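Number of protein chains: 4
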Amino acid sequence: MSTVKLAIPFYSTYGTNQTMAEIAAEAARAAGAEVRLLRIAETAPEAVVNSQDGWKAQVARAAAHPVATPADMEWANAYLFSAPTRFGGAPSQLRAFIDTLGGQWFTGALANKAVSAMTSAQNVHGGQEATILGLYTTFLHWGSVIVAPGFTDPAVFAAGGNPYGYSHTQGAAFDDAAKAAIGHQATRLVTMAAKLAA
Amino acid sequence: MSTVKLAIPFYSTYGTNQTMAEIAAEAARAAGAEVRLLRIAETAPEAVVNSQDGWKAQVARAAAHPVATPADMEWANAYLFSAPTRFGGAPSQLRAFIDTLGGQWFTGALANKAVSAMTSAQNVHGGQEATILGLYTTFLHWGSVIVAPGFTDPAVFAAGGNPYGYSHTQGAAFDDAAKAAIGHQATRLVTMAAKLAA
Amino acid sequence: MSTVKLAIPFYSTYGTNQTMAEIAAEAARAAGAEVRLLRIAETAPEAVVNSQDGWKAQVARAAAHPVATPADMEWANAYLFSAPTRFGGAPSQLRAFIDTLGGQWFTGALANKAVSAMTSAQNVHGGQEATILGLYTTFLHWGSVIVAPGFTDPAVFAAGGNPYGYSHTQGAAFDDAAKAAIGHQATRLVTMAAKLAA
Amino acid sequence: MSTVKLAIPFYSTYGTNQTMAEIAAEAARAAGAEVRLLRIAETAPEAVVNSQDGWKAQVARAAAHPVATPADMEWANAYLFSAPTRFGGAPSQLRAFIDTLGGQWFTGALANKAVSAMTSAQNVHGGQEATILGLYTTFLHWGSVIVAPGFTDPAVFAAGGNPYGYSHTQGAAFDDAAKAAIGHQATRLVTMAAKLAA
Chain A
1 MSTVKLAIPF YSTYGTNQTM AEIAAEAARA AGAEVRLLRI AETAPEAVVN SQDGWKAQVA
61 RAAAHPVATP ADMEWANAYL FSAPTRFGGA PSQLRAFIDT LGGQWFTGAL ANKAVSAMTS
121 AQNVHGGQEA TILGLYTTFL HWGSVIVAPG FTDPAVFAAG GNPYGYSHTQ GAAFDDAAKA
181 AIGHQATRLV TMAAKLAA
Chain B
1 MSTVKLAIPF YSTYGTNQTM AEIAAEAARA AGAEVRLLRI AETAPEAVVN SQDGWKAQVA
61 RAAAHPVATP ADMEWANAYL FSAPTRFGGA PSQLRAFIDT LGGQWFTGAL ANKAVSAMTS
121 AQNVHGGQEA TILGLYTTFL HWGSVIVAPG FTDPAVFAAG GNPYGYSHTQ GAAFDDAAKA
181 AIGHQATRLV TMAAKLAA
Chain C
1 MSTVKLAIPF YSTYGTNQTM AEIAAEAARA AGAEVRLLRI AETAPEAVVN SQDGWKAQVA
61 RAAAHPVATP ADMEWANAYL FSAPTRFGGA PSQLRAFIDT LGGQWFTGAL ANKAVSAMTS
121 AQNVHGGQEA TILGLYTTFL HWGSVIVAPG FTDPAVFAAG GNPYGYSHTQ GAAFDDAAKA
181 AIGHQATRLV TMAAKLAA
Chain D
1 MSTVKLAIPF YSTYGTNQTM AEIAAEAARA AGAEVRLLRI AETAPEAVVN SQDGWKAQVA
61 RAAAHPVATP ADMEWANAYL FSAPTRFGGA PSQLRAFIDT LGGQWFTGAL ANKAVSAMTS
121 AQNVHGGQEA TILGLYTTFL HWGSVIVAPG FTDPAVFAAG GNPYGYSHTQ GAAFDDAAKA
181 AIGHQATRLV TMAAKLAA
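Chains as they are written, first to last, in full-length UniProt numbering: chain A, 1 to 198; chain B, 1 to 198; chain C, 1 to 198; chain D, 1 to 198.
In case anyone wonders, no lab produced these hints; they're calculated from the structure.
Please read these numbers as outputs of a predicted model, since none were measured by experiment.
Please note: incorrect hints may appear among the correct ones.
Which bits of chain B does chain D cover? Going by a derived footprint, with three or more residues having C-beta under 8 Å, they are [said to hold, decoys possible]:
hint, region
1, 28-37
2, 102-112
3, 152-165
4, 188-198
We put the CB at the ideal spot given by N, CA and C, even for glycine.
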C-alpha cells in the first residue's frame, strides 16, 4: 500500500532526459511509489521542431507519455523533474509549465511535497549545477521540501559526484553507474516522501 | 557619436517592467546610447491572456514597441533586461526568447557585451535577488560582461539596496528614488559598455 | 516525548541574529523539540572585536550560550542556522565552523536531517536571498533535507515575503509580524523533522 | 606600458589552486599586466594544519608569495581569485579575507574593477559552478564587473566546459588543455580590464 504518489515531469529535446526519467520511474516503482511519468508540453513552433530530425523524432517518442498538467501536480505528493540545461537554466518549455501553476501555488496545493531534480548538458560543467539549483529556488517558493542526493551513497561519487542531482553529459552511455545514481536519487526521494506523507 | 548600442528587452504582464524599461531607455539615451526598447513576445495562449483584463491591456500597451529578435541581440553591444520574477526565476516568455539564441551564441555573436538586469515581485523578498542572479548565470554562458549596480551610488541604497539590479515591488509608485536607481543602473551600463566597445 | 533534536547555531555581530535564534528556539520548544541554542565561535582577532563597542558587547552577550561543536551537529536531527549576510554570503565565522565538519560529512553524520536558515542585512535587498540560498547549496552537499518556509503561512507575507527563510532588516523592531514569521519557520521545521525522524 | 594591475589572491590547501594562480599569473604577465600573486592568510589553527602533512607542506610552499591585504585590493584594478570549493562555497579562509574588506567597500575602493574566479573540487560536479557563482554574487556587491570566460574560446570546451571559470578536478594533471583554459581566462580578464581602465 503506497503512500507516495510521484510525478516525474520531464522535458527532453533529443531523448536524454526522457531516458533519465524512465530509469527513475522504474526505481521509484520498485521502491513502492505510484508513478506518473509525464512529458512537459513542447512550446517551440512546430516548424522549428520539424526542422531538426532528432527533435522531431523525440517529440514522437515522448508522445508515449501523457502531458504534465496542474492536476498531476495536485495529485502527487512528490516530484522528480528532469530537464536539460539551457544556458545554466531550465528550458523555457519547463518554465512555461511552471508558470501555469500560479493557481495551485496560491491555494497551497504544491506545498509540503518532497522534490528533486536531474539535468543534462553538453559539457561536464555546462551549467548542470546552476540549472538544478535554479529549479530548487523555484520549488522553495512552493513550500517544497528539497531532497537532493547529496553524497549519501557511493553511487553519487561513481557517477561524477553532483550532490544537487544527477547530471548526464549528453551522448554518454547510460551505464550501470548512471543507472545506480539515478536509482539512488529516486529511491531516496520516495523514502523521504513516504515519511513526510505518513 | 555613440559607440553604445543598447538593447532593452522587457517582458511585462501588467506594465511594471515596461515602465522600468522606459525609464531606463530615457536615461541611457541621455547618456549617449542608441537604444532599442524591445518587448519580449508573449507566448501564453491568447485565451489565457484575454481572460485577464490587466494582462490583455498590457499586451496592447506593449505593442507600441517592436518585438525583440535575435538580430537585435547581434546589433547591440549592451543589453539591459527587465522582467518580473516567477517563483524566483525569469518568466517563461523571456526564457523562450533566450532559448532561441543558440545560433547567435554558437557563432559568438552574443559575446563580450556589457549586460545588466532588473526585476519586480509582489513582495519585498519575493525572489528578486534570485531572478536577477539566475539571469546573470545565463549571461555568463554567452561570454557577457556583467555590469550590476552594486552599491556604486547612493541611489541604490535609497531604492531598497539591491546590488544585483533594480527591484520594484509591484504596485509601488515610480517615485524619484526608483527613477534615480534605474537611471544609475542604465547610465553605469552605458559607461562601461562604451569603454568595452572603444 | 520529543523525537526532534534541533541545533540552532547562530552568528551575530551586533545581536540581531542572536535575537532571531532565541525567538526560533522558543517556538521550536513550544512545538515539542529539544533545542540547543549555540553560538558560532568568533574568529575575528580579539583586537578587532574590541575596537568596536557594539561587537564587543555582543561577544559578551553571546557567551550565555555554548559554542557550537561538530558533536552538536551529530547529536541533532534538525538544524536552523541564523547569520547575517556578508556581501551576499554567510560570514566567515560560520563558514569556518562549516569547514570543520568534513569528518562528520565523510561518515554521513550530517545526512538526512531537516535544515533551514535565516539571515539579516542592512538593506531590504542586501543579499538576504543569496545568503540563504548559498547556505542551502552547502547543506545539499551534506544530504540535508531543505525545509524553507515558502509561502506556507500568511506570516511569511506579513514579514516581507522571503520564501527562502526569514530575513531581518537590521535595526527594525522584532514586532509580532517578525516573531510570527520566525515562529512559523521554526515550527514547520520541527514538524517536518519529526516526520523524517519517525 | 601596462594599465592593468591584477591581483591574484589564491587559497590552496594542498597546492592545486596555487598552481592555477601561478599559471594565470604567467599568462596575465604575458598579456601585459602587472601582477601581484597573493596568498590568502591561513586561518585554521596551526595544530590542525600541522596534523596533515600535505596541508603543512602547502603552507610552506605558499609562503613564497606575500599575504593578500586590503591595500592590494585598492592597488589593483582587476582581480582573479582562485580557491577550492568547500561544500559548494568558498573556503572560510577566503571569506575571512573578504570580510575584512568592509572599509574598502564602503569608500568605493573595490568598485568598477574587472573580476574573475577559478576553483577546484574532488569530483567533476562537486560544487565548482556553485562556488564560482557564489563568489560572483559577492563581487556584485562591490560593484565589480564580472568577466567570466563563457564559451569565448575552444579552450573552455577542451578543459571541461565551465563557462563561469576554470575548474580543476583535484589530482588531475595540469596538461596543455588546463593551461590553455586558465590562460584564456586570465588573458581575457586582462583585455577587458585594460578597456575598463582606459
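Hint check results:
1. Coverage of the region 28-37 of chain B by chain D is violated [criterion: at least 3 residues with CB-CB distance below 8 Å; count 0].
2. As drawn, the region 102-112 of chain B meets chain D at 4 residues by the rule of a beta-carbon pair under 8 Å; at three or more, the given contact holds.
3. Look at the region 152-165 of chain B against chain D: 3 of its residues bring a Cβ nearer than 8 Å to a Cβ of that chain, three or more, so the hint holds.
4. Chain D is given as covering the region 188-198 of chain B, and this holds because 4 residues of the stretch bring a CB closer than 8 Å to a CB of that chain, at least three being needed.
Checked against the numbered hints above, the structure violates only hint 1.
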